[in-house]
Structures are given as structure tokens and as C-alpha cells.
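There are 2 protein chains.
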Amino acid sequence: MEHEYDTGQIPDSIPDKADLKRAFERVSGVVRYTPLLSSQTFDRMTGGRLLFKCENFQTGGAFKFRGALNAVNSLPEEDARKGVATHSSGNHAQAVALAARMRGISAIIVMPETAPQVKVNAVRDYGAEIRFCEATLAAREEALEQVVVETGASFIHPSNDVRVIAGQSTVFQELQQDVSGLDLVLTPVGGGGLLSGTALAAKLLADSVKVIGCEPAQADDAYRSFKSGKLVFPDHPDTIADGLKTALGSNTFPIVRKFVDDIVLVQEEEILRAMKLIWERMKIVVEPSAAVPLAALLNGSLDVSGARVGIILSGGNVDLDALPWYR
Amino acid sequence: MEHEYDTGQIPDSIPDKADLKRAFERVSGVVRYTPLLSSQTFDRMTGGRLLFKCENFQTGGAFKFRGALNAVNSLPEEDARKGVATHSSGNHAQAVALAARMRGISAIIVMPETAPQVKVNAVRDYGAEIRFCEATLAAREEALEQVVVETGASFIHPSNDVRVIAGQSTVFQELQQDVSGLDLVLTPVGGGGLLSGTALAAKLLADSVKVIGCEPAQADDAYRSFKSGKLVFPDHPDTIADGLKTALGSNTFPIVRKFVDDIVLVQEEEILRAMKLIWERMKIVVEPSAAVPLAALLNGSLDVSGARVGIILSGGNVDLDALPWYR
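Note that the protein sequences, when read in sequence, are chains A and B. Once you know that position 155 of the first sequence is 155 in the working numbering, the rest is easy, because the numbers rise by one and skip nothing. Once you know that position 284 of the second sequence is 284 in the working numbering, the rest is easy, because the numbers rise by one and skip nothing.
Extracted from the complex, chain A is given alone in its bound form (with noise of 0.2 angstroms):
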């Protein structure tokens, strides 16, 4: 399956500069401002200044209250009052759920029958309403299209919505506050929204930050896409990254096309020793989409040496009696 769009163009409704700055007002002091770690040992093995941001330790675990809370907070109240509607069975699912509750509107979640229940659960505490369908992409859209007629909802795309985006990049415009002279910033890459707001961010609100997307390669169709021209899907991924089987959409292609210098690949094992030396040098715990950055420094796609490098540690959400490295 492959779309053609004319990345020269660029989509009129992507975020600017005061988008941008929007979101970073709209969220801050109800996200959490992450830390940065840093480690002697991976600054050893890869020769370059690493500046981890823990977005494992983000509000839901995982960057993307960002995106939802952004996304929920800048409806006008006509809208809002219908409520939101979205398709995840992931950390946006919960971070939809969790951001309507706070502005007290109802929020209605399409996942798969074959959800985790730890999943169901999360988001159903966070009070949301649950409508299940079958486990494939046309039984999803055809369910939340459904929603959206019956109830009005607003539909918050997991990546591709622009206010999503432009709640992501607030990830990168704390980095820039908090670290000057960023050479390079690594994000994993799936629908590409954490990748999109950081690239427009590092391109429109700081100078000279290169901007390179990480993607397994079982599931390599961004950097397909990248490297063509054309949008192409995932062909039946298949990656511990579970949070990266996702595609790019019609704001993320273009924008990944012109403001992302490059995507790198990295493989399965590759993704899980990082993931394994993350949790033993830096004793934080990080979901594998969250290694996939690490990975490509590990395997010598990217050198590093003496640059600072900001690397953006999507989330730290894992089921813990079923780690990658018992199975």
C-alpha cells in the first residue's frame, strides 16, 4: 500500500512557531518537566555527551500525556462538550482518558477485543468509555467512525493530529531549556508524532539541531517512506517495539520529510540489549520503543563522537512478569 503526497508542500494546518509555543503554555505545569540522566558508561561506549530524557517517568509513562492533554485543551468549549473519541490500545488510549477526565469531559476509546486487560482496566480507571471491536484497522476506524457520528466526539488521532504533534514537541523545547549546544536529538519513530514535534520544534524554535528518527527495522516503513518519497505501511511488523508498528500519516510523512535530516535502523537484538543496559547502568526502567534510539548509537549507524546528543526516552511502560528477555 503506498500514498503519493508532494512533500515539497507542506500541509497548511501543521503546527508554527506559535503553535509550538501554544502547546508548550497549554501543558506546562500539568505535564511533568522530566529530568535529564546522563551516563558515564554510554558516554564511554559511544564517545559523545548523552542527555537521556525520561519521559518513562511522564504523567501515564510515556511522552504521550503531551500530546492528549495539548490536543484536549485547545477545543473550543462547544466542542469539548461533546467530548473525545480515539483508537489505541496503547499509552495514548490512557492519556486520552486521563486528560478528559481533567477537563471533565467524557472520552470514548476504540480497542481491539484482544486488549490486555491490565489495559482495559487503566484506561477504564481513568473513567473512560470502552467500545471494543475486532483486531483489525478497518474494525477500528469503522468503530470510531461510528462514535464520532453518534456522539459528536472529537477524534484525537494518536500522531497524525497536529495538536498532538505540537503537544509532543514540548518534549523537545524542555531538552532546549535545559541543555545548551545540542549538536543531534534522537527520537524512536512509529506514527511519527514524538518525531514530527521534536523535528518542527528543533528546526523552527532552536538553530542547528539535527534531528534523526529511530525505527526497528522489522518494522521499517518510516525510513521506507523517508528514503522514497512515498508513504508506504508497515508490511505485517514485527518487533519487541511494540509501540512503533504504527505508520506515518498525512501530517507526519511530510513533515518527517522536510525537517528530519535522517532515520537510522536498528534490529531485534540490538533493541534488547539496549534496552537491557539501560535498566542496568542507568537503573531506570524503559519500555523497548524507548531503547530504539540507544540501539542505533550501539551498532555504529550513528557516530556521536563529541557531540552532545539528546535522547528522548519515549516511555517506561512494560509488563513486568513478561520482560523480553525471559521469553
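Calculated directly from the structure, the hints in this document are not laboratory data. Just so you know, these numbers come straight off a predicted model, no measurement behind them. Where hints are given, some of them may not hold.
Listed below are several chain A residues computed to face chain B (Cβ distance under 10 angstroms; list not exhaustive) [as the list claims (entries may be wrong)]:
#1 N160
#2 F233
#3 K276
#4 G316
Simulated pairs of lysine-lysine, DSSO-like, Cα-Cα distance not exceeding 30 angstroms [unchecked claim]:
#5 A:K210 / A:K119
#6 A:K276 / B:K276
#7 B:K17 / B:K258
#8 A:K210 / A:K276
#9 A:K245 / B:K17
#10 B:K119 / B:K276
#11 A:K119 / A:K203
#12 A:K276 / B:K17
#13 A:K119 / B:K276
#14 A:K258 / A:K21
#15 B:K119 / A:K276
Using N, Cα and C, we set each Cβ at its ideal position, and we do this for glycine too.
Add chain B to chain A, keeping to what the hints say.
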């Protein structure tokens, strides 16, 4: 095995106010000034305001580096030239090896033949010499004695050494700088170095902060010593908190008796639950010993509603391939 001490009398050698402050100056800028983390979940579960001091992020992955560094760096040049020695198969061994390397002096570590290869390697990587002995207390003490006679090295006991105790007090001294109005501070207790240092700092340098030691019921020697006024030794301690199997000593026992407000006990499954909750909710890696204080809050041993509570997370050195909930 029981010893009697007149615990009304504190040995002259124990650290006073000036010793504690000197230790703080000595280690500042070399040890990591560790961050504080909090968790809405745990505040809600306990009704208190819990501030977690993250010594799992300390150099070497545990608070032990503070005591070892203070001890090594307080040696007069003449003694330092003859090197240092200790017995330990755990965090203290690495800490002494690293502190010695930083000062450019030799370190000899007595380790049981049964010590895990990963720990042996870590100590060797820091350039220390290892002497193996049988895995009994008698063999360990004999081997150490021999090293001292042979080389003139200074023995740095893992917990009972007064310079080590003063070094461990710097955890509380940092906590006190960062938090005002602390009501209570909790630490795990094994050999009592951390608890003694914390209690001395809390009572000599702060006002009206209560100090509670938290101990596994299956290694309850400090509890029994504290309650009875007679120093008793662990009787086949069997706990997943393997750092807490050791006993109080000639310095730590009288300090604990005089300056600690109480010692409370927790069960094994409570330690495991608290450890896993810390990983899941705070997204940090802590070892079982570090989870003992939270376990004491969650099992109802301590009521902290409305209180500001410092909790020292003592370390994060765990074997990720042998996590206790997979056993």
C-alpha cells in the same frame, strides 16, 4: 550468639557533628548528588508525602560509594600508601575498589569462592586485587587479617567503620538540603552503616526528624538487638533482601540504640510487592533491600498520614536475569 554493650555509653570514636560535616565536604562533587522522586500513587496509598532519595542512581549503583570514599580519602598519606582492604561480595567491595583507584592506592578485597562471577569481574575492572576464601565468617576474617598483617593495609569495614558511617550520613545531609519540614526518614537496616549515618545526621544536624530502620522479618537481628538492648546476630537469615543479612557491630549498635526511634519488620512477600510496585509506578530499578521501607509503609507497620517522609532507596544492583518474581 549475644554480646552485651552498655548502650548508655557511646564509644568515643563515633562521628560527631564536625565529622559529619567534614565527610560531606570530602565527598561532595565526587559522589553523585542524587535526585529525589515522588509518586502520586504511593502518596495516595499511604496518605503521606513520600520523597524517595535515589541512591540507586549513585556511582556503583548504591549508597556504599559514599562511605568507602570518605574512608579512603580520610586516610593519612602514610597509611594510604599501604593500601586498603575489606571483605565483601557486594556493593561495598566495588565501592572500596573504585575509591582506592581514584586515590591511586591499592585495594585488596577478600571474597568468598562462591561469589558470583559478575561481582568478581566488577571488582577486578576497578583494578583491585581479589583474595578468595571459603564462604564462612571465620575464613573471611582470617583471610582479611592475613592481608592486613602482610601489607599494612587499612581495613575498611562495610558498616561498622566510623569513617564509613560518616560517609553514609551524607545521604541524609543532601536530603535535608532539598526538603524542608521532614517529619520522618526511613532506611533499610543490615549492618547498620546507612541507618547509623542517617540517625546521627538527623539528630545532630537536624531538628526533630524521626528515624526508623526497616528490616526483613527473616533477618530480624537488628530489631531484636534494638528491642532487647543486647547485640544479637542473625540466625540463618533467609531473605531476598540479600544486602540486609549482616549484623550490627560495636559502633553501629550503640548508635542505633541511642539515635534511632524504632525498627520495624516486613515479610518477604511484602518486600517483593513493594519492589515490583516501585519498578512499575516509579519506573526505576531498585534492589530488594531498597524496597524494605516502602514495604513497611504498605503493610501498615507505620502510619505516615499527613507526614513528610524521606525514604532512602539504598541501591539498584539486581541481576536482571534472575528477578525474584520469576523464581
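Hint check:
For N160 of chain A, the shortest C-beta to C-beta distance to chain B is roughly 27 angstroms, which exceeds 10 angstroms, and the interface hint is violated. At a threshold of 10 angstroms, the smallest CB-CB gap from F233 of chain A to chain B is about 32 angstroms, leaving the interface hint violated. Look at K276 of chain A: its Cβ gets to within about 6 angstroms of chain B, closer than 10 angstroms, so that hint holds up. The beta carbon of G316 of chain A is positioned within 10 angstroms of a beta carbon in chain B (closest approach about 4 angstroms), and the interface hint is therefore held.
In summary, the hint linking K210 of chain A to K119 of chain A is not supported, as the alpha carbons are separated by about 35 angstroms, beyond the 30 angstroms threshold. Between K276 of chain A and K276 of chain B, the direct Cα distance comes to roughly 17 angstroms. Compliance with the 30 angstroms bound is thereby established for this hinted pair. Between the alpha carbons of K17 of chain B and K258 of chain B the distance comes to roughly 15 angstroms, so the proposed pair stays at or under 30 angstroms and holds. For the hint linking K210 of chain A to K276 of chain A, the alpha-carbon distance of about 27 angstroms falls within 30 angstroms, and the restraint holds.
With a C-alpha separation of about 58 angstroms, the suggested pairing of K245 of chain A with K17 of chain B is violated against the 30 angstroms cut-off. Using a Cα cut-off of 30 angstroms, the hinted pair K119 of chain B and K276 of chain B holds, with the two alpha carbons roughly 24 angstroms apart. Straight-line distance between C-alpha atoms of K119 of chain A and K203 of chain A comes to about 35 angstroms, which puts the hinted pair past the 30 angstroms bound. A hinted pair counts as satisfied when its Cα atoms are at most 30 angstroms apart, and K276 of chain A with K17 of chain B does not qualify at roughly 42 angstroms.
A threshold of 30 angstroms between alpha carbons decides the hint, and for K119 of chain A with K276 of chain B the separation of about 18 angstroms falls inside it, so the pair holds. The hinted pair formed by K258 of chain A and K21 of chain A meets the criterion: a straight-line CA distance of about 20 angstroms does not exceed 30 angstroms. Distance check on the hinted pair: K119 of chain B and K276 of chain A sit about 18 angstroms apart at the alpha-carbon level, within 30 angstroms; holds.
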